[in-house]
Amino acid sequence: MPATKTTIELRGCKIGLMRAGEGAPMLYLHGAAGAGAWLPFMERLSRHFDLIVPEHPGFGVSDTPPWLGSVGDLAYFYLDFIKAFGLRDLHLMGSSLGGWTALEIAIRSTHGLKTLTVNCPVGLRIPDVPVADMFLWSPEERARNLFHDRALADQMLAVPPTEAEADVLMKNNYATARLAWQPRFFNPDLEKWLHRVDVPTHIVWGREDRLVPVAYAHAFAGLIPSARVTIIPDCGHMPHIEKTDEFVRAAAAFCQERRP
Amino acid sequence: MKFYFFHLMPYADLDLSYTEKYDTSWVKLPNTYYDREKGHALYNRYLDELEFADTLGFDGIGCNEHHQTAYGMMPSPIVIASALSRRTKNAKILVLGSAIPLRENPLWLAEEHAMIDTITGGRLISGFVRGIGAEYHATGVNPIWSHERFHEAHDLIIRAWTEPGPFRFAGKHYHFDYVNLWPRPYQQPHPPIWIPSQGSQETIEWASHPSRKYTYLQTFSPAAAVARFLKMYRDQAEKYGYEASGDQLGWAIPVYVGETDEIARKEARPHIEAFRNKFAKMPFEMLLPPGYLSMSSMKRVAAAKAGMSIDMTLEMLDEQGMFIVGSAATVRERLAEAQKQIGFNHLLPLLQFGTLPHDLTIKNATLFAQQVMPHLRPLGEPKAAAA
Chain R
13 MPATKTTIEL
23 RGCKIGLMRA
33 GEGAPMLYLH
43 GAAGAGAWLP
53 FMERLSRHFD
63 LIVPEHPGFG
73 VSDTPPWLGS
83 VGDLAYFYLD
93 FIKAFGLRDL
103 HLMGSSLGGW
113 TALEIAIRST
123 HGLKTLTVNC
133 PVGLRIPDVP
143 VADMFLWSPE
153 ERARNLFHDR
163 ALADQMLAVP
173 PTEAEADVLM
183 KNNYATARLA
193 WQPRFFNPDL
203 EKWLHRVDVP
213 THIVWGREDR
223 LVPVAYAHAF
233 AGLIPSARVT
243 IIPDCGHMPH
253 IEKTDEFVRA
263 AAAFCQERRP
Chain G
7 MKFYFFHLMP
17 YADLDLSYTE
27 KYDTSWVKLP
37 NTYYDREKGH
47 ALYNRYLDEL
57 EFADTLGFDG
67 IGCNEHHQTA
77 YGMMPSPIVI
87 ASALSRRTKN
97 AKILVLGSAI
107 PLRENPLWLA
117 EEHAMIDTIT
127 GGRLISGFVR
137 GIGAEYHATG
147 VNPIWSHERF
157 HEAHDLIIRA
167 WTEPGPFRFA
177 GKHYHFDYVN
187 LWPRPYQQPH
197 PPIWIPSQGS
207 QETIEWASHP
217 SRKYTYLQTF
227 SPAAAVARFL
237 KMYRDQAEKY
247 GYEASGDQLG
257 WAIPVYVGET
267 DEIARKEARP
277 HIEAFRNKFA
287 KMPFEMLLPP
297 GYLSMSSMKR
307 VAAAKAGMSI
317 DMTLEMLDEQ
327 GMFIVGSAAT
337 VRERLAEAQK
347 QIGFNHLLPL
357 LQFGTLPHDL
367 TIKNATLFAQ
377 QVMPHLRPLG
387 EPKAAAA
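So the sequence lines, in the order shown, correspond to chains R and G.
Taking the numbering used here, I'd label the letters of the first sequence as residues 13 to 272.
Taking the numbering used here, I'd label the letters of the second sequence as residues 7 to 393.
Keep in mind the hints are simulated off the structure, nothing from the lab.
Ideal Cβ placement from N, Cα and C applies to all residues, glycine included.
Don't take every hint at face value.
Stated by the list, open to error - One side of the interface only, derived from the structure: several residues of chain G facing chain R at Cβ under 8 Å:
| # | residue |
| --- | --- |
| 1 | Ile150 |
| 2 | Met301 |
| 3 | Ser303 |
To be verified - Computed list of lysine-lysine pairs in DSSO-like fashion (alpha-carbon distance at most 27 Å, straight line):
| # | chain 1 | residue 1 | chain 2 | residue 2 |
| --- | --- | --- | --- | --- |
| 4 | G | Lys178 | G | Lys237 |
| 5 | R | Lys183 | G | Lys34 |
| 6 | G | Lys178 | R | Lys183 |
| 7 | G | Lys219 | G | Lys237 |
| 8 | R | Lys26 | G | Lys369 |
| 9 | R | Lys26 | R | Lys204 |
| 10 | R | Lys204 | R | Lys126 |
| 11 | G | Lys369 | G | Lys8 |
| 12 | G | Lys237 | G | Lys44 |
| 13 | G | Lys98 | G | Lys346 |
| 14 | G | Lys346 | G | Lys219 |
| 15 | G | Lys178 | R | Lys26 |
| 16 | R | Lys183 | G | Lys305 |
| 17 | R | Lys183 | G | Lys311 |
Unchecked claim - To list a few chain G residues with every Cβ distance to chain R over 12 Å, as calculated:
| # | residue |
| --- | --- |
| 18 | Asp19 |
| 19 | Asp29 |
| 20 | Glu57 |
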């Protein structure tokens, strides 16, 4: 089913929004690369869920409001969003920067959340396991380091972005720096409060993630009370793109599990 | 015209074959390439050269600030300015500049500059910069806030220098309940402020504003770009309703003077090419992190820098006006022509660059001081009243 693409305004901030599907609501929070297009994994998820994909303030077609300075700001924005849309029994899902945002939402309030799925999230720091310095990667290094499969990276690199796409990539990179340059991709306070995440939580990771090493999957699992970990082999930092089948199957099954 | 001996203080003993393994001499080049004995010798050599320039009659001597790089061993220009302040008697001491947004507490900078100004009895020229992009990788400061922090740190420093304390400063990035400098600067209302830049309209609009009239320095750019940006300053001043004086404009450029054109080129070649192709080498992502420029400027610069990874020869640098080299007559002629065309009153020749050794640096500085400076000194307007 094709997604409807709209812009909405919340608290004076216009953001892009894609939505498709029926069933239980699922809110997907994108990573640093943004969410401009309706991707195959979204299409697949929309067969099971009413999938809502906003473009974060600062990214893509969305405004960059003056209040936007941290992932915590983004979390409060989405708490308002969940309330404004009247979302209940919500499956909250986020990738990378969006996964961090989902966790920041959940430590503030899990009201209305049914499950939480985080896909290679950042947000935590293990002192002796560095997250790679994405800001120093050239566009080619980005493609090569984000995907495990060289052929997939080649495929990405074979199609250079149009000028409009390049503009969006630059804007998204600026927004990512705004939120995560310092402290670099983590919030020193997050780990203190992850015990507050009291909904079933699914941590999905690409085993060969070269941006955020898989050791972080286990670190998060140790801090979140009811966390389950799924490691996807032969997969980099973008399981939803690189291993769409495995990702969607595992993610949907977790959300649809019958729980007492 | 006035002349300032400006030193980048490179780690001139750098093993230039580093490029076989690393793509930059900045931030990521392991400091195992640095030898402490060589560092000791180089610092003392460079301080000797700066002090020698004072005796040659340069109007000022100075250095800049860069972090974690072989390009310049200058993480703290304050240290060098302090070392020079008691060893020199005449020359102005230039800190060009302090990277004010990189400091968590810009009041320390206000204090340090005020100390140097006071010790020297008012010989300090204070430069303020944002630091280049690499600095934001080296220090972790978020480049997104670079402009905001620069402006806020500037306002804080100027107020600390000029307003009676204690007072409270409540900014977005900086907050102090007590701003109360001891010492206050020696020069009144404060040391002259120079703004070194690689050229940006917003910097020019800001520096030329009637409330500031700061001296704008175009650094290491092709002559055509220097002319364009300095003209932009003059035009902007006109829009503000005043005529910019030549004292508000300066140019920093590597210069080498030899006995003949041929000797000059032969002697300078390996060193200027090392300066451009080894010491200044940096990938685009390091030079221009997100937020360092507005997105529209970033797009423009990205297009202009598309060929920046290409090595340049002495001929290319000479042709583009990024390096002035030749006999004293040639150098005089080129500089006089540029002065006539562009109308700047401050020239900051970089007389040591890259791997240029001590003996050639001394010869270069001496020839420049004796055979170039006296001829060019009468050029330019009479000094206008300071802002």
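Hint by hint, work out which the structure violates, then give me just those numbers in ascending order. 3, 4, 8, 9, 12 and 19
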